[in-house]
Amino acid sequence: MIFTSHLLAQLLDLFAAGLLLISFAMLSERRTQRLVTLFAWQGAVLFASTLLVAHSAGLEEVYYSAALTLVLKVIILPWILHRLIRRLGAEWDSELLVNVPVTMLLGLGFVIFAFGLAQPISTLATTITRNTLGIALAVILLAFLMMITRRKAITQVVGFLAMENGLFFAATSATYGMPMVIELGIALDVLVGMLILGVFFFQIREQFDSLDLQHMETLKED
Amino acid sequence: MKLAHWIVELVLARPEGCLYCILLLLLSWLVLGVAGLVRPHRTGYIAHMLFPLGAVVSLGLALVAGIALARGQLPQILTLPLGLPDLPFHLRLDTLSAFFLLLLGLAGVGISIFAAGYFRSGAGTAPGLLCLQYHVFLISMAAVTLADDAYFFMVAWETMALSSYFLVTSQHRIPEIRRAGFLYLLMAHLGAICILLCFGVLQGGSWQFTFDAMRRSSLTPVWATAAFLLALFGFGAKAGLVPLHVWLPEAHPAAPSPVSAVMSGLMLKTAVYGMLRVNFDLLHVGLWWWGMLTLAVGLFTALFGAIFAAAQTDMKRLLAYSSIENIGLIFTGIGLAVLFQTGNLHLFAALALTAALVHALNHAFFKSLLFLATGSVLHATKQRSLGKLGGLIRRMPWVAGLALVGTLAIAGLPPLNGFVSEWLLLQSFLFTPQIPHAFINMLVPLGAAMLALTAALAAYVMVKFYGVIFLGQHREASLVQAHDANWLERLGLLWLALGCVVLGLVPEIALRAAGKVTNALLGQSVAPSRAWWIAPVSWQQASYSGLWLLAGIVGVVGITFLLVRSLVHGWMRRTPAWDCGYRWQTSRMQDTAEGFGQPIRHIFEPFFRMERDLPAPSDHAPRYRVHIEDRLWHAFYLPLAHGVQRVAESVGKLQSGKLAVYLLYSFLTLIGLLIYVLWV
Amino acid sequence: MISHLRPAGEVLLAIAAAPLAAPLFTGWIAQCRAWMQNRSAPPLTQPYRMLRKLFHKEVTLASDASFLFRVTPYVLFGTMVLAAAIIPSVATGLPFAQVADAIALIGLFATARVFMALAAMDVGTAFGTLGARREMMIGFLAEPALLMVLFNTFLLSGSTALPRLVETYRAHPSLIEPSLLFAAVAFLMVLLAENARIPIDNPATHLELTMIHEAMLLEYSARHLALMEWAASLKLFNYACIGFALFLPWGIATRTTSNVLGLVIAVAALAGKLIVAGAALALIETLSAKLRIFRAPEYLATAFILAVLGLLVHLLLGGQA
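Residue numbers (numbering that gives the first Met the number 0), protein chains in the order written: chain A, 0 to 221; chain B, 0 to 679; chain C, 0 to 320.
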């Protein structure tokens with residue numbers, strides 16, 4: 000398969016836009032099962048774009064990076080999350096803290112902010128994906144917003160993982176990925192973190208009989 | 000044709016001919032006003048002679064202003080031997096003044112003719128006094144546009160405020176009207192103080208208060224910003240920008256309908272004129288964030304006005320909030336023009352300014368038309384609340400038909416005039432990504448979305464207005480006796496409706512007039528077009544023709560009608576309404592004004608402060624009541640008023656009533672001055 | 000003589016072709032829906048039969064209805080036919096093309112909507128005013144989204160006049176430009192909302208309290224109802240053609256290809272696109288459920304956000320076309 004560099008750039012832009020779209024969809028999704036599916040799709044798009052970057056830059060490490068993304072973010076983590084959700088019975092998230100249109104408008108504001116911020120930085124980067132740094136920043140901010148505006152614990156974890164996706168994409172945009180050691184370390188951290196959080200969720204449910212984070216507000220000095 | 004040619008030549012004969020003619024016309028208004036005082040209670044003579052003559056003078060004013068715009072050598076300057084010893088009244092007729100005089104004259108004709116048929120004898124101010132106040136109001140508005148120095152401007156501005164105050168409180172026996180008048184006077188004076196301060200800043204150290212001196216002075220960016228903000232505040236208070244809009248929904252409904260029409264259609268435009276004069280003429284430098292501020296304030300005002308209009312249950316308050324919305328749109332255009340101008344995109348600045356000016360002209364026509372129509376409805380039914388009207392299209396076909404033209408125009412529907420100005424404004428938004436600022440070129444396109452939302456909300460509001468008043472069933476039994484307007488009222492409404500139609504089908508007229516103004520202020524104008532088409536930027540970019548649109552629709556409708564009648568039959572039968580087979584239909588089952596506004600209340604809930612009385616299930620006589628209030632009134636104005644009152648009370652403690660204490664004050668002042676002399 | 004016949008013929012073709020073709024499109028969508036729902040489908044010409052049946056009936060008019068009520072079906076039909084004559088569905092050089100650009104077209108649709116709402120309020124029944132209120136609500140929420148879609152296409156082509164848009168795209172094909180994809184999805188969502196399709200409104204519902212569009216037609220009968228139904232199917236046809244002109248302009252006869260062969264190809268291309276679009280619409284309708292009325296603002300807010308995202312992505316990625 001021989002891609003012309005113009006076609007390559009367009010495909011990368013397309014993937015970046017898809018990433019942004021998925022982040023927005025995650026911001027407004029109410030069902031946790033669908034949220035995890037969206038997260039898996041985000042991982043898949045990330046995998047495809049990393050593959051493209053690897054092909055265009057010709058670096059072997061980035062291929063390994065892509066493979067790691069595929070295994071971890073598209074297969075293992077969603078599977079763990081799905082199992083967790085089934086066992087906890089947390090199929091639905093309650094209403095968001097602010098209603099959906101306002102959340103989306105806030106997200107839009109952050110996207111504009113990220114784009115405006117990234118414009119001068121993009122001119123300094125030298126990779127093929129430099130235009131997409133703004134999108135990566137936007138994905139991180141949107142994931143953070145998702146963590147803030149949710150009530151159930153599971154969705155906050157998904158937000159945290161989506162933020163990591165955004166960071167990975169930013170690294171791929173600005174430089175050609177991080178050193179392999181750091182990547183492996185982060186991947187291990189994420190995996191272990193997931194397992195520990197899974198245990199925590201059961202403890203929270205035992206204690207409060209629900210995963211709604213409002214109950215945790217009683218944990219303070221009075 | 001020969002007569003027209005002769006008149007034009009006469010007006011243009013002397014270099015200041017236009018200005019002399021206008022002064023003559025203003026003087027004749029004054030004469031008419033004073034003539035009303037001769038026999039203040041003779042309604043017939045005042046109504047059938049003085050007001051129609053006033054309309055003729057208005058038409059003359061429009062003609063002279065039109066001639067001046069088209070062919071006169073502007074600017075024309077004159078100095079009157081009135082005023083202060085070293086600051087006589089300077090007058091100046093340039094393109095901006097001529098445009099607004101044209102607006103004043105054209106809309107004034109319709110309103111004066113309607114007023115001739117409207118004023119009847121009753122409680123409140125005598126008709127002769129009303130005649131004087133009305134004509135002084137018109138004169139002062141014209142004088143504001145002609146003023147060329149700060150003193151004359153302020154004199155005219157204050158006369159405008161005072162005469163309109165007396166007109167608003169025509170029915171001064173009713174307490175709410177007195178209250179509304181007081182609020183109006185208060186806000187008008189707050190604005191006037193700011194305008195005065197603005198002129199004080201603009202003279203820039205030369206202590207010359209003529210506008211010529213202000214044009215020549217150069218201000219530092221800090222002082223220029225101060226002047227701009229003072230002007231925005233001052234003229235915004237008169238125009239009704241949020242948060243200075245609180246007087247509008249009180250004063251416009253309190254006034255008699257022709258006065259509401261003049262205030263909404265003409266007085267708000269003098270504030271626009273003032274803003275344009277200060278910003279583009281006197282302050283010849285601009286900063287980009289001024290444009291951004293004006294744009295943001297304008298867009299928010301427009302949205303606010305539209306949302307609140309949708310929740311109203313009084314027909315004149317609804318129109319007042321709709322005026323706020325339209326003023327917001329005009330200021331949006333002005334803000335865009337400043338933004339483009341500071342970015343050196345002069346063609347687009349001209350486009351935005353043209354949109355604002357054309358919208359001002361259009362608004363004068365359709366808002367006056369709607370206010371006058373509500374006046375007719377008020378006369379016929381004695382009801383102002385939307386909950387007691389309905390089905391008037393069968394009783395008042397003339398008013399309903401002409402109000403339909405006004406409704407379609409204000410909703411911004413092609414092929415009428417409201418669409419032209421909204422189209423121009425949207426077109427100017429399309430060019431905002433070219434502005435050379437990082438975040439602005441991404442934020443401002445979102446303003447286009449807010450503009451589209453506001454325009455569509457305006458259509459919603461107007462469907463509510465027209466549908467609840469004129470369509471459906473009578474909500475009160477007494478509406479069966481409603482009668483149509485008399486011939487004078489019809490004539491006035493017809494003139495304004497014709498204006499809407501003509502400006503919509505031949506937008507070239509308005510565009511040319513606005514083009515002269517933008518040429519003078521910005522140095523550019525939008526592309527000249529053919530008679531029935533407009534293509535403001537270029538033919539490839541976008542084009543529109545209202546006349547061909549109308550011709551197409553009428554053509555297709557005609558062909559369809561003929562085909563249907565000839566190929567099929569035209570049989571028809573009148574029956575009771577089907578209503579899905581429900582036999583016990585009453586007039587209370589159709590939507591009320593609150594009901595029609597319910598989706599807006601639901602979607603835009605944070606904007607409102609609502610008090611609701613919901614019936615309980617066990618209620619024997621269930622009542623539903625909802626009261627909408629402005630959040631800003633409670634959050635901002637009431638605390639401010641209480642604060643001022645508290646300060647006044649604490650200062651009032653100085654007045655203890657005891658003579659000894661007053662003597663003590665004088666004694667202490669004397670001791671203080673002696674000590675001061677000792678030290679210095 | 001021939002040179003005069005050509006523009007007159009074009010005018011007639013432009014005006015007459017769309018009303019004849021639009022019910023066929025509606026019939027095709029109904030057939031696809033029936034197939035997907037495992038029912039036996041009505042014939043393709045069913046809408047024509049319905050129109051013919053309605054035209055022959057006698058009009059029963061409410062005794063309180065005014066002239067506005069009677070004139071609205073004709074006005075609606077007129078505006079929709081005129082819009083069809085303006086949209087470049089088969090050729091860009093149509094005689095009415097310069098009368099209105101895309102924004103004016105939206106204004107024309109708004110006129111039709113306002114007239115329909117006013118007529119629904121005219122008789123003064125509860126259902127009529129209900130339908131009017133809901134229709135105007137959907138209208139004002141859909142307009143910002145539609146305008147942002149047009150903004151996207153304007154940034155890419157420098158014009159809001161539809162024929163010019165078509166010609167620019169044909170000259171510079173940029174298939175996988177992300178902002179166009181976003182705008183296309185947003186346009187599809189607005190199309191479903193404005194034409195009273197699932198998920199906003201069910202065109203085949205019998206429950207009056209769930210109706211939006213149908214509630215406004217309840218008092219109409221015979222030829223008036225026929226014209227209103229015809230206008231509704233014309234509106235869907237027009238929206239589909241606008242979508243093709245904005246996002247899938249291949250096959251439309253431009254100035255260089257406006258001979259007879261070019262026109263034949265254009266008509267065939269349009270037919271093909273309509274078949275696929277109809278099937279896709281039926282698929283979307285079958286797979287979605289109707290939303291509660293106050294979820295409609297969320298739906299339209301999503302369309303708006305998508306369109307704005309497309310705009311921002313275009314501005315950020317710097318117009319690599």
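Any given hint could turn out to be false.
Said to hold, decoys possible - Label pairs and their computed distance ranges (CB to CB): (1) Arg51(C) with Arg582(B): 44 to 54 Å; (2) Leu247(C) with His436(B): 57 to 67 Å; (3) Pro605(B) with Leu6(A): 25 to 35 Å; (4) Phe112(A) with Pro605(B): 48 to 58 Å; (5) Gln32(A) with Ile283(C): 51 to 61 Å; (6) Arg611(B) with Ala267(C): 27 to 37 Å; (7) Ala24(A) with Arg611(B): 32 to 42 Å.
Stated by the list, open to error - A short list of chain B residues far from chain C (calculated; beta carbon distances all over 12 Å): (8) Arg172; (9) Thr209; (10) Pro413; (11) Leu425; (12) Ala447; (13) Ala448; (14) Ser537; (15) Tyr543; (16) Val556; (17) His568; (18) Met571; (19) Tyr581; (20) Ala634; (21) Leu673.
Treat the hints as calculated values from the structure; they're not laboratory data.
Everything numeric in this text was worked out from a predicted model, so none of it was measured.
Even for Gly, the Cβ is constructed at its ideal location relative to N, Cα and C.
Here is how each hint holds up against the structure:
Take arginine 51(C) and arginine 582(B): their Cβ atoms lie about 32 Å apart, and the range 44 to 54 Å is violated. For the hinted restraint 57 to 67 Å between leucine 247(C) and histidine 436(B), the CB-CB distance of approximately 35 Å leaves it violated. About 47 Å separates the C-beta atoms of proline 605(B) and leucine 6(A), a value inconsistent with the hinted range of 25 to 35 Å. Judged by the Cβ atoms, the range 48 to 58 Å given for phenylalanine 112(A) and proline 605(B) is violated: they are separated by roughly 22 Å.
In this structure, glutamine 32(A) and isoleucine 283(C) break the distance hint of 51 to 61 Å, their C-beta atoms being roughly 22 Å apart. The supplied range of 27 to 37 Å is broken by arginine 611(B) and alanine 267(C), whose beta-carbon atoms lie about 60 Å from each other. Distance hint check for alanine 24(A) and arginine 611(B): the Cβ-Cβ separation is about 36 Å, which falls inside the suggested range of 32 to 42 Å. With a least beta-carbon separation of about 36 Å from chain C, arginine 172(B) lies farther than 12 Å from that chain, consistent with its non-interface assignment.
At the 12 Å boundary, the C-beta of threonine 209(B) stays outside the reach of chain C, the nearest C-beta of that chain being 44 Å off. A beta-carbon of chain C is positioned within 12 Å of the beta-carbon of proline 413(B); the least distance is around 5 Å. For leucine 425(B), the shortest C-beta to C-beta distance to chain C comes to about 6 Å, within the 12 Å cut-off, and the non-interface label is violated. With a cut of 12 Å on Cβ distances, alanine 447(B) falls inside the contact zone with chain C, its closest approach being about 6 Å.
The beta carbon of alanine 448(B) is not kept farther than 12 Å from every beta carbon of chain C, the shortest such distance being approximately 4 Å. Under the 12 Å C-beta cut-off, the non-interface status given to serine 537(B) relative to chain C is violated; the minimum distance is some 9 Å. Residue-level check failed: tyrosine 543(B) sits 5 Å from the nearest beta carbon of chain C, not beyond 12 Å. Not every C-beta of chain C lies more than 12 Å from that of valine 556(B), the closest at about 4 Å, which undercuts listing it as non-interface.
Separation of histidine 568(B) from chain C is inadequate, the least Cβ-Cβ distance of about 8 Å not exceeding the 12 Å criterion. Distance to chain C contradicts methionine 571(B) as a non-interface residue, since its nearest Cβ pair spans about 4 Å, not more than 12 Å. Chain C draws tyrosine 581(B) into its interface by the beta-carbon criterion, the shortest separation being 8 Å against a cut-off of 12 Å. Annotated as non-interface, alanine 634(B) keeps its C-beta farther than 12 Å from every C-beta of chain C; the closest such distance is 26 Å.
Remark: the non-interface label on leucine 673(B) is consistent with the geometry, its nearest Cβ contact in chain C lying 72 Å away (cut-off 12 Å).
Comparing the model with each earlier hint shows violations of hints 1, 2, 3, 4, 5, 6, 10, 11, 12, 13, 14, 15, 16, 17, 18 and 19; every other hint is respected.
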